[in-house]
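Novice: Single-letter residue listing:
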Amino acid sequence: MDLLGALLLVAGAAFLFLGGLGLVRMPDVFNRIQAGTKATTLGTLLTLAGFACLRPDWAVKLLLIGLFILFTNPISSQVLARSAHRAGAEKSPLTGVDRLAEQEGRPS
Amino acid sequence: MSPILTGMTVLLCLAMIVAALAAIRVKSLPMAILAGGLVSLILSVVFLILAAPDVAMTEAAIGSGLTTFLFFFVLSRMRGGEDD
Amino acid sequence: MVETLITLAAILAGAAFLMALYRFLQGPSSADRVVAFDVMTIIGITGIVLVAYMEGRGIYLDVALVYALLSFLGVIAVARYLERGY
Chain A
1 MDLLGALLLV AGAAFLFLGG LGLVRMPDVF NRIQAGTKAT TLGTLLTLAG FACLRPDWAV
61 KLLLIGLFIL FTNPISSQVL ARSAHRAGAE KSPLTGVDRL AEQEGRPS
Chain B
1 MSPILTGMTV LLCLAMIVAA LAAIRVKSLP MAILAGGLVS LILSVVFLIL AAPDVAMTEA
61 AIGSGLTTFL FFFVLSRMRG GEDD
Chain C
1 MVETLITLAA ILAGAAFLMA LYRFLQGPSS ADRVVAFDVM TIIGITGIVL VAYMEGRGIY
61 LDVALVYALL SFLGVIAVAR YLERGY
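Residue numbers (our numbering), protein chains in the order written: chain A, 1 to 108; chain B, 1 to 84; chain C, 1 to 86.
Don't read these hints as lab results, they were simulated from the structure. Even for Gly, the Cβ is constructed at its ideal location relative to N, Cα and C. Any given hint could be a false lead.
[To be verified] Keeping only pairs whose Cα atoms sit at most 25 Å apart, straight-line, the calculated DMTMM-like set for lysine to aspartate or glutamate is:
| id | chain 1 | residue 1 | chain 2 | residue 2 |
| --- | --- | --- | --- | --- |
| 1 | A | Lys61 | C | Asp62 |
| 2 | A | Lys91 | A | Asp2 |
| 3 | A | Lys61 | C | Glu55 |
| 4 | A | Lys38 | A | Asp28 |
| 5 | B | Lys27 | A | Asp28 |
| 6 | B | Lys27 | C | Glu3 |
| 7 | A | Lys61 | B | Asp54 |
| 8 | A | Lys38 | A | Glu90 |
| 9 | A | Lys61 | C | Glu83 |
| 10 | A | Lys61 | A | Asp2 |
| 11 | A | Lys91 | C | Glu83 |
| 12 | A | Lys38 | C | Glu55 |
| 13 | B | Lys27 | A | Asp57 |
[To be verified] Coverage of chain C stretches by chain B, computed from C-beta distances (three or more under 8 Å per stretch; other residues unrestricted):
| id | segment |
| --- | --- |
| 14 | 4 to 17 |
| 15 | 20 to 30 |
| 16 | 36 to 48 |
| 17 | 54 to 68 |
Sequences and hints are given; from them, build the entire structure.
Specialist: So, in structure tokens, the structure goes:
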């Protein structure tokens, strides 16, 4: 059980590391939001699961923290991406498709 | 104190100094407020390492949550009054 | 064995924190900085839980709970401010 918890912990920390790496390496704002919130959400949930395996008596409180993160983090990333899009953040040439601009009827 | 906590304290204090310097060096006002919130976030973790969970909880609630929210509320009310 | 793996996880999370701090200082636009702030908040929650495990005190988890709720409000406030123009 301890070993499983520690392995989950390292896997979650590796996802956090990959999220940070994506935050540095990605070319524009939307890709950074993509890397910075999805990877870190999964990484934090895996880390909390690892701590719940290490200390089973904390499992309820850790589950509560995980639920809050699971609810709030996608909402904040979506609001952030929409506000960046409305404020006219420039896109990198690699970012081709822009469905929101097509739907709102303005040139992408 | 274990070596992990010692290394974490050193890293957090250095990051706090860097964030405080960013708060006074950055050009736009909202980003300065955000850097102030970052200082408060790191400070609450440092308080937790110093074994003061009540101070850390107050710092997280007031310093990082309420102050940032309040500053942005005031900043959206005083639009156009900036002097630079 | 478990101790080594926890140390490795702490080093990886610290490296992620430093990279997010680099993006916060460097970020060309405001949205980049807000994304970096969000990522640093989440890594901070992980760090709080790690400190709680290292010290062995369950009361520290309440700080992480408060933080998970309040950081959300901060990011929403910043995003609403940015959406209405500068």
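Novice: For each hint, tell me whether it holds in the structure or not.
Specialist: Going through the hints against the structure:
Distance check on the hinted pair: lysine 61 of chain A and aspartate 62 of chain C sit about 8 Å apart at the alpha-carbon level, within 25 Å; holds. A hinted pair counts as satisfied when its Cα atoms are at most 25 Å apart, and lysine 91 of chain A with aspartate 2 of chain A does not qualify at roughly 45 Å. At roughly 17 Å between alpha-carbon atoms, lysine 61 of chain A and glutamate 55 of chain C fall within 25 Å of each other, so this suggested pair holds. Under the criterion of a C-alpha separation no larger than 25 Å, the hint pairing lysine 38 of chain A with aspartate 28 of chain A is consistent with the structure, at around 16 Å.
A distance of roughly 21 Å separates the Cα atoms of lysine 27 of chain B and aspartate 28 of chain A; the hinted pair therefore holds under the 25 Å criterion. Between lysine 27 of chain B and glutamate 3 of chain C the alpha-carbon distance is near 44 Å, which puts this suggested pair outside the 25 Å criterion. Between lysine 61 of chain A and aspartate 54 of chain B, the direct Cα distance comes to roughly 17 Å. Compliance with the 25 Å bound is thereby established for this hinted pair. As the CA atoms of lysine 38 of chain A and glutamate 90 of chain A are separated by approximately 21 Å, the hinted pair is consistent with the 25 Å bound.
Pair hint lysine 61 of chain A plus glutamate 83 of chain C does not hold up; C-alpha atoms about 35 Å apart against a cutoff of 25 Å. For the suggested pair lysine 61 of chain A and aspartate 2 of chain A, the alpha carbons sit about 19 Å apart, so the restraint of at most 25 Å is met. For the suggested pair lysine 91 of chain A and glutamate 83 of chain C, the alpha carbons sit about 17 Å apart, so the restraint of at most 25 Å is met. A hinted pair counts as satisfied when its Cα atoms are at most 25 Å apart, and lysine 38 of chain A with glutamate 55 of chain C does not qualify at roughly 29 Å.
The straight-line distance between the Cα atoms of lysine 27 of chain B and aspartate 57 of chain A is roughly 48 Å, outside the 25 Å bound, and the hint therefore fails. A stretch counts as covered by a chain when three or more of its residues have a beta carbon under 8 Å from one of that chain; for the segment 4 to 17 of chain C and chain B the count is 5, and the coverage holds. A stretch counts as covered by a chain when three or more of its residues have a beta carbon under 8 Å from one of that chain; for the segment 20 to 30 of chain C and chain B the count is 4, and the coverage holds. Check on the segment 36 to 48 of chain C: 6 of its residues sit with their Cβ under 8 Å from a Cβ of chain B, so the three-residue criterion for coverage holds.
Under the rule that three or more residues need a Cβ within less than 8 Å of chain B, the assignment of the segment 54 to 68 of chain C holds, with 9 such residues.
The structure fails to meet hints 2, 6, 9, 12, 13 from the earlier list, while all remaining hints are met.
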